[in-house]
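Starting from the given sequences, assemble the full structure and let the hints guide the process.
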Amino acid sequence: MTLVLNEEEIMLRDSAAGFLAESANVSAFRAHRDNPTASGFDRALWESIAEMGWCGIAIDEQYGGLSYGFTGLGLVLEQMGKHLSVSPFNSTVLMAGSLLEQCGTEAQKQEWLPKIASGEVVMTLAIQEGTFFDLDQLSQSVTTAPDGFTVQVEKRQVLDAIAADAFLVVGRDSDGFQGFIMSAADVSVQAQSMVDARSSGTVVVNTTCGKDAQLNPAAMNGKGLTRALDQIHIGLAAELLGLSTEAFERTVAYLRERKQFGKVIGSFQGLQHRAADLFAELELCRSIVLQALRAVDSGDELGGLASAAKAKVAQISQRATNEGIQMHGGIGMTDEYDIGFFIKRARVLEHTLGDFHYHLDRFAVKGGY
Amino acid sequence: MTDLSSFREETRDWLQANCPESMRTPIRGFEDIYNGGRKPEISHPDQVVWCERMASRGWTVPEWPVAYGGAGLSKAEVKVLREEMALIGARSPLDSFGISMLGPALLHFGNESQKLEHLPPIARGEIRWCQGYSEPNAGSDLASLATKAEDKGDHYLINGQKIWTSYADKADWIFCLVRTDNSGSKHEGISFVLFDMASPGVTVKPIKLISGSSPFCETFFDNATALKKNVVGEVGKGWTIAKYLLTHEREMISAFGTSTSKKTIGQRAAQVLGTDASGRLRAGTLRSVIAQYQLDTQAFTATMERVKDEAKAGQGLGPASSIFKYYGTELNKRRNELVLSVEGEQALGWDGDEYRGGEMARAWLRSKGNSIEGGTSEVQLNIVAKRVLGLPDA
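From first to last, the protein sequence lines are chains X and P.
Position one of the first sequence corresponds to residue 0 (numbering that gives the first Met the number 0), numbered consecutively onward.
Position one of the second sequence corresponds to residue 0 (numbering that gives the first Met the number 0), numbered consecutively onward.
Calculated directly from the structure, the hints in this document are not laboratory data.
As the structure is a computational prediction, the values presented were derived from the model and not from experiment.
Hints should not be assumed to be uniformly reliable.
[Said to hold, decoys possible] Using 30 angstroms as the maximum straight-line C-alpha spacing, the simulated DSSO-like pairs for lysine-lysine come out as follows: (1) Lys-365/X <-> Lys-332/P; (2) Lys-385/P <-> Lys-262/X; (3) Lys-242/P <-> Lys-365/X; (4) Lys-261/P <-> Lys-222/X; (5) Lys-367/P <-> Lys-262/X; (6) Lys-74/P <-> Lys-365/X; (7) Lys-258/X <-> Lys-385/P; (8) Lys-222/X <-> Lys-262/P; (9) Lys-262/P <-> Lys-332/P; (10) Lys-261/P <-> Lys-365/X; (11) Lys-151/P <-> Lys-207/P; (12) Lys-242/P <-> Lys-307/P.
[What the hints assert, rightly or not] Chain X residues, not near chain P, derived (Cβ > 10 angstroms throughout): (13) Phe-18; (14) Ala-30; (15) Gly-52; (16) Gln-191; (17) Asn-215; (18) Leu-270; (19) Glu-282; (20) His-327; (21) Asp-360.
[As the list claims (entries may be wrong)] Away from chain X, derived, C-beta distances all over 10 angstroms, residues of chain P: (22) Phe-29; (23) Gly-88; (24) Ser-182; (25) Thr-246; (26) Phe-255; (27) Thr-263; (28) Ala-384; (29) Pro-391; (30) Asp-392.
For each residue, glycine too, the CB sits at the ideal point set by N, CA and C.
Have a look at this one:
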């Protein structure tokens, strides 16, 4: 496993950067924030993303994907973070794609993965209950019914719930974890208005599912669910890395141009040392994210690595965005200036499936203390 | 490939036949590291035997050319040699500033006769070197150094003082920065010169550190002489070599930030302080500080690997390398503080068997110097701010 991008990966990263800078950039995000579409994203953009094949990057060829690997997916996510791009890529490709790949039955994979790879379906993961994500605290919401299961639960922070065609609902029964594929008609959705202006909702489930909708219970209670969630944590860390790097670069650019006391403020050592230290931390983030992406592709046991990546980047994303506002001074507090978008998005991403404290705790548990 | 595997076989046989059993045991401390020199310090007579045998094959400096005492091995062959040595637990036959610092600088900047004169005795462990850089008034601002070298025809007369000269009391020769010209900017007029520490006019006084040991010295020059043929590179252009060596030294110091022990500090804390039913360390506040440290260590180690891999792939030494010295030494200080938190009173013992000679306390105190020597953390941050982030001077 080498921690360096190969030529193919660099090309993918650069072409993603080029496209997103043009078509899904921070101005596009502002337009979306000011005039959101009913679906919560731009359908034309989503189609373009699908046409470029990004949705199938990590999906196996036999299910209509490119078999390119998870590192490639991470590189695209990083660029989306950098540009604050709005699309159902996280919910559909990273979350639903990962869980189906790890825990879907063969028939479910054959039915759904090609649709994810082609971008013809919007699919999402409904797992969090209450105000925090905590896998160990999910309620017993699943009971056995004639010919299947009854599921009664309220799931929160479900990304793209409004527009989703299908849901992967994860819950518990008396024996362990259970997962089901449900259609939009099976659930009721209420929009949640979040600080980052992304589409998110509460999903109320009170329905009966047949056995064909049930994800493979052996995988859900073996390594599959953990592996899928670890992949999602790593993907989110990659997105947060791109966002934090961009916030930092914008801040350093501002330090180079803003003048006070007759000097460029970037010449003051008090600011220089804070910026240099943050640079060091971001380099560490880049390394651990790449290490985690490579570990997914090599099939290694992930242990605490996914939580390490998420915790480290979450922590530094706080610093990068807080310093971003502080070093911009008053202008950083204005809605007109873009740096505020980064801090909002950063915190929601951090809290998606476990914040810094959740992952630091899990990293320590996995480390044996 | 066949060549490499036959090299491996020969190497394995030779090591098996020539490495004394006593040199296949783990080193217990600094006293077991062999530094050579005219008056070598020896903890076991086999150290000398082992060094001589390895030197006879050029394997104390395997990648150096044969003419300079090395074996001219390729990188792949050196890797094989290291692997085969590790396989039998063979100790390094010789470690010295000559090998790690002066050698690379001479190979890069020295002329042919300098290389032929100085490199083979380094390879054979006959001459031990020290580095004369800092002065009482030239620490972080090293380029303001004032030790004067006066032109006397075929030699220089040297007057002044160096400080923090590592192992000057044990070294035979010194590579030293001196001022040969005062007229230009402070970075000009510095020369890199080699001379014998046994010369008249050189005196050395060890400095006792807060850790109780004396690895550093004050070194005084009172009309000491250095032959002109021993100026490395151009006269007055020594700053280039100084910077080259500083970069090298910083890389070595950064490695302190990566952990080599088998048990992490978290696992050690679990053993000493106990865990609850869920396996979590009972000391909750300490637990999160340890987790933070482990997290940063893992990410730092991955960064060292990434930079190495990028360089191997021909992408050059990226900007990430500029953070190593700063981050690695700060991590090492954090680790040593955590040792105190985990071990408590045991880590504060100073002397006697009960405290293993105060090993933990001494290491903790010594670590405070890591972020000062070889460029302070603050100087390193200045460098990152200016060279990497492009922020202007005040």
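Comparing the hints with the structure gives:
Distance check on the hinted pair: Lys-365/X and Lys-332/P sit about 24 angstroms apart at the alpha-carbon level, within 30 angstroms; holds. The hinted pair formed by Lys-385/P and Lys-262/X meets the criterion: a straight-line CA distance of about 15 angstroms does not exceed 30 angstroms. Taken as a hint, the Lys-242/P and Lys-365/X pair is broken in the structure, with Cα atoms around 43 angstroms apart against an allowance of 30 angstroms. Taking the CA atoms of Lys-261/P and Lys-222/X, the gap is about 27 angstroms. The hint holds against a cut of 30 angstroms.
Between Lys-367/P and Lys-262/X the CA atoms are separated by roughly 35 angstroms; this puts the pair beyond 30 angstroms, and the hint is violated. A C-alpha spacing of about 37 angstroms is found between Lys-74/P and Lys-365/X, which places the hinted pair above 30 angstroms, so the restraint is violated. Restraint check: the Cα-Cα separation between Lys-258/X and Lys-385/P comes to about 17 angstroms, which is no more than 30 angstroms; the hinted pair holds. Taking the CA atoms of Lys-222/X and Lys-262/P, the gap is near 26 angstroms; set against the 30 angstroms cutoff, the hint holds.
Pair hint Lys-262/P plus Lys-332/P holds up; C-alpha atoms about 18 angstroms apart against a cutoff of 30 angstroms. As the CA atoms of Lys-261/P and Lys-365/X are separated by approximately 16 angstroms, the hinted pair is consistent with the 30 angstroms bound. Our distance criterion of 30 angstroms between C-alpha atoms is broken by Lys-151/P and Lys-207/P, whose separation comes to about 36 angstroms. Using a Cα cut-off of 30 angstroms, the hinted pair Lys-242/P and Lys-307/P holds, with the two alpha carbons roughly 21 angstroms apart.
Under the 10 angstroms C-beta cut-off, the non-interface status given to Phe-18/X relative to chain P holds; the minimum distance is some 24 angstroms. The beta carbon of Ala-30/X sits about 31 angstroms from the closest Cβ of chain P, which is more than 10 angstroms, so the claim that it is off the interface holds. Every CB of chain P lies more than 10 angstroms from the CB of Gly-52/X, the least distance being 26 angstroms, so the non-interface label holds. The claim that Gln-191/X lies off the interface holds: its Cβ sits roughly 30 angstroms from the closest Cβ of chain P, which is beyond the 10 angstroms cut-off.
Listed as outside the interface, Asn-215/X is consistent with that label: its C-beta sits roughly 28 angstroms from the nearest C-beta of chain P, beyond the 10 angstroms cut-off. Non-interface call for Leu-270/X relative to chain P: violated, since the shortest CB-CB distance, roughly 8 angstroms, does not exceed 10 angstroms. A Cβ of chain P approaches the Cβ of Glu-282/X within 10 angstroms, the least distance being about 4 angstroms, so the stated non-interface status is violated. With a least beta-carbon separation of about 15 angstroms from chain P, His-327/X lies farther than 10 angstroms from that chain, consistent with its non-interface assignment.
Distance check on Asp-360/X: its Cβ comes as close as 8 angstroms (rounded) to a Cβ of chain P, failing to clear the 10 angstroms threshold; non-interface status is violated. At roughly 30 angstroms, the least C-beta separation between Phe-29/P and chain X is larger than 10 angstroms, which holds for a residue marked as non-interface. Look at Gly-88/P: its CB is around 27 angstroms from the nearest CB on chain X, clear of 10 angstroms, so calling it non-interface holds up. No beta-carbon of chain X is positioned within 10 angstroms of the beta-carbon of Ser-182/P; the least distance is around 29 angstroms.
The claim that Thr-246/P is not at the interface with chain X holds, since no C-beta of that chain comes within 10 angstroms of its own (minimum 17 angstroms). Consistency note on Phe-255/P: stated as away from chain X, and its beta-carbon is indeed over 10 angstroms from all of that chain's, at 16 angstroms minimum. At the 10 angstroms boundary, the C-beta of Thr-263/P falls inside the reach of chain X, the nearest C-beta of that chain being 6 angstroms off. Residue-level check failed: Ala-384/P sits 4 angstroms from the nearest beta carbon of chain X, not beyond 10 angstroms.
Once the 10 angstroms rule is applied to beta carbons, Pro-391/P is inconsistent with being away from chain X; the minimum gap is 5 angstroms. Look at Asp-392/P: its CB is around 6 angstroms from the nearest CB on chain X, not clear of 10 angstroms, so calling it non-interface is violated.
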